[in-house]
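Peer 1: Please build the complex by placing chain B on the supplied structure of chain A, with the hints as guidance.
Protein sequence lines, in the order shown, are assigned to chains A and B.
Using our numbering, the first residue of the first sequence is number 363, and each one after it goes up by one.
Using our numbering, the first residue of the second sequence is number 363, and each one after it goes up by one.
Please keep in mind that the hints were generated in silico from the structure rather than gathered at the bench.
Check before you lean on any hint, since a few could be wrong.
Identical chains share a label here; the pair holds if one copy fits it or two copies do between them.
[As the list claims (entries may be wrong)] As a list, the in silico DMTMM-like pairs of lysine to aspartate or glutamate whose alpha-carbon atoms are at most 25 angstroms apart:
| no. | residue 1 | residue 2 |
| --- | --- | --- |
| 1 | Lys431 | Glu390 |
| 2 | Lys369 | Glu544 |
| 3 | Lys542 | Asp569 |
| 4 | Lys369 | Asp516 |
| 5 | Lys542 | Asp372 |
| 6 | Lys369 | Glu578 |
| 7 | Lys431 | Asp454 |
| 8 | Lys369 | Asp581 |
| 9 | Lys369 | Glu636 |
| 10 | Lys431 | Glu409 |
| 11 | Lys431 | Asp397 |
| 12 | Lys575 | Glu458 |
| 13 | Lys369 | Glu471 |
| 14 | Lys542 | Glu580 |
| 15 | Lys369 | Asp645 |
| 16 | Lys369 | Asp496 |
| 17 | Lys431 | Asp412 |
| 18 | Lys369 | Asp493 |
| 19 | Lys369 | Glu580 |
| 20 | Lys431 | Glu408 |
| 21 | Lys575 | Asp372 |
| 22 | Lys575 | Glu682 |
Number of protein chains: 2
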Amino acid sequence: MTTAAIKVTDLHASLSDPALDSMNFLNEIANRYPDAVSFAPGRPYEEFFDTRLIHEYLERFESYLRQEKGLTDEQVCRILFQYGRTKGVIDDLVAEHLAIDEGIHAAPESIVVTVGCQEAMFLVLRALRADERDVLLTVAPAYVGIVGAARLADLPTVAVPGGPAGVDLPALAEAIRRLKAEGRRPRACYIVADHSNPSGISLSTADRHALLKLAETEDFLILEDNPYGLFSAGDERPPTLKSIDTGRRVVYLGSFAKTGMPGARVGYLVADQETVGGGLLADELAKIKSMLTVNTSPIAQAVVAGKLLTHGCSLVQANEREIAVYRRNMAALLEALAKRFPAGSGISWNRPHGGFFLVLSVPFDADDALLERSAREFGVLWTPMRHFASGPGAARAIRLSCSVLTPERIEDGLDRLAALFATTTEKAESKRIDTDSRHLEQTITGLDSYTSIQKEPPRC
Amino acid sequence: MTTAAIKVTDLHASLSDPALDSMNFLNEIANRYPDAVSFAPGRPYEEFFDTRLIHEYLERFESYLRQEKGLTDEQVCRILFQYGRTKGVIDDLVAEHLAIDEGIHAAPESIVVTVGCQEAMFLVLRALRADERDVLLTVAPAYVGIVGAARLADLPTVAVPGGPAGVDLPALAEAIRRLKAEGRRPRACYIVADHSNPSGISLSTADRHALLKLAETEDFLILEDNPYGLFSAGDERPPTLKSIDTGRRVVYLGSFAKTGMPGARVGYLVADQETVGGGLLADELAKIKSMLTVNTSPIAQAVVAGKLLTHGCSLVQANEREIAVYRRNMAALLEALAKRFPAGSGISWNRPHGGFFLVLSVPFDADDALLERSAREFGVLWTPMRHFASGPGAARAIRLSCSVLTPERIEDGLDRLAALFATTTEKAESKRIDTDSRHLEQTITGLDSYTSIQKEPPRC
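Just chain A, with the same shape it has in the complex (with noise of 0.2 angstroms):
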């Protein structure tokens, strides 16, 4: 006799959860359409990789440990092989390349290494998550993957709209109060304030003072998941949250998906707020990760560290041809848009400073209906804002994604992308549907865009 089938009604609630199957949905539509022309993965640049590269920062991080830390053979073999440490085997390597590119003065003893930014996310969702009263507020348009965690951990999720600022600050200022009111605890904000996903958008300097003032006086952490920050269009940066965050209201999600390697799977917290025990959030959040993933693969961690150490701790100087790249793509989307899309046309977008997203508004419904018919007649592919976000601007929004592309790819795609819009404005004007675009940031409330979520490589 065979198991009855599992119905979803007995499975955990995530389950059922309209955000992890918006990610099936995506990735599969990706995957059935490979040599479309695609805007929509939030995947790093390709043309750099080479295997020979993995090999290198391995023996860069082997020869550091005898060398520079005088370990023998057996010791560095121990380290490489062997159950390791749930903080982690490199944490005053990046506390190095925190305090070099980003300003960050963190102590090793705050940080730990994760599978990835996205086990960081749940582990400070999973602690933060005590009783039915807490809720996480995120600003939106949000990355699905902050959602996707909150939804493993039984942590409501309250949207904030960001508007065109990327924070609003009386309205989120607002919705705190009135959680408390309702007697729920906001916990936790979660905001990317660097070149947003999905939205570009970065918070002016003077934002991000108020945002910590309001996280001091409103009593809640910040959550600062910062992957694109390097990938600015100026050399100009307005600080880290965490880098001006004197009151420890902050704790750093940190990535080296797109800066080291995605493969690696390597990522970091640093959460040096203190605990009544005397420790730090830290060893609250790795004890987590004991029962979670045990530790971060070492071997894992060498190549992150080989790379960091070939490029003196900087990845600034480690991405300087990428750095130019997702510039050069910016600027070629921003001019490729302009050039096929003039005002008028209905289509607008915002222009953001830096790197991989923009958001383009279309006067009709960008649906994944619109989405298949793209992907089959036309070959382009890109990420429909509505599939993780409500209101009106969403539905009629769409994200492109400029990080693995070329110039000619990108003027390709845009004319597949205008040849879809011109067989769809014409259905959509027939229909006497209006749009206003400047609400879009006002109206799209709810997630966003599979970024960091994979896709179908060639199976092996």
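Peer 2: Coordinates of chain B only, in the frame set by chain A:
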């Protein structure tokens, strides 16, 4: 102003669970006495570690992708560097290993490659916790990691004594019926059927069949964790539960930590149960994984794959030397115990047919204070069963692991242990404490030991 220190009561309940604190204590004491002879860790033997192997294994997998899978250099790079398939990229090789070494014929699509077996446990427990009625049964004494993972998933555990046979089927059936009568749902039963941690006990073939039958009758899943199955003292092994699981009752939890390389942090699960939607439980678990760790590092997977490929996908073949070492060590441990603690000494132990562990019953309390004194005065470490268990048997029991030692170290360590016992037995005798070690297996009902839980390696 700095945030007020965070109270543990404002954090998730798992963080005040004794299981997580116990581990911290045990890790901490192990770190304080790095030169002690340690019967504590369930780590694999280190003599054959060689960092060159990492490079060789990576190269072996790369050439496999090129030559046997026909991938281009660009595709190989993408697999290793880029975000990857959630369910893993070495599922077919894992399936081949299972067929060759374990008699398990798993479809690759039923496999999810995970960040160690620990993540596999969490994925299953997170999925099975639909509401507050759900319960996980553990066959006691059980690996502490399963209880920790259950705490993270808010899934209550009910320990059922395993008894001298490793599973007490009438007790298990009774516990299930009682839980059901209370309106609870025993969703699954966790068991290490081969050389269990900490008891070293293996289930008989008859009990394996009977357990599967009970799972069918009472409608629950069996979570079969099998990290030590290959390390049998004899050549005859009973079948894995999964290999005789005709009714898809078993979710198989696989580890490469002992047979592959702990530092890769690669494990997997086999979940071929159907779901109502038409997919497999593995697909649902992959959805959870996508929000937890996104995917397992393909570099780490490549290292394990390279080891598999080097040995025709047989880990029995790959571990010929290790299997011989563990047999030698277990024999040495049993002999050294017999030499020092003759009948009438009040000290007894079980005689496992393989694996890393055995349990020593002693006529005095084996508590933290004794472990501290053991480390400080005698330079020998072990794991107090009481730390994770309840009942008088567990209070006077010790887990000994022989996996990282040599026969010489085992002799030395047992001299130290005997010296400790000599001072302790006297004290205990003066208090006239009675113990009946035959009741050990019946009375220890709680958690176990910290196998797989890392100590701090030399920092780097």
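Peer 1: Flag every earlier hint the structure violates by its number, smallest first.
Peer 2: 12, 22
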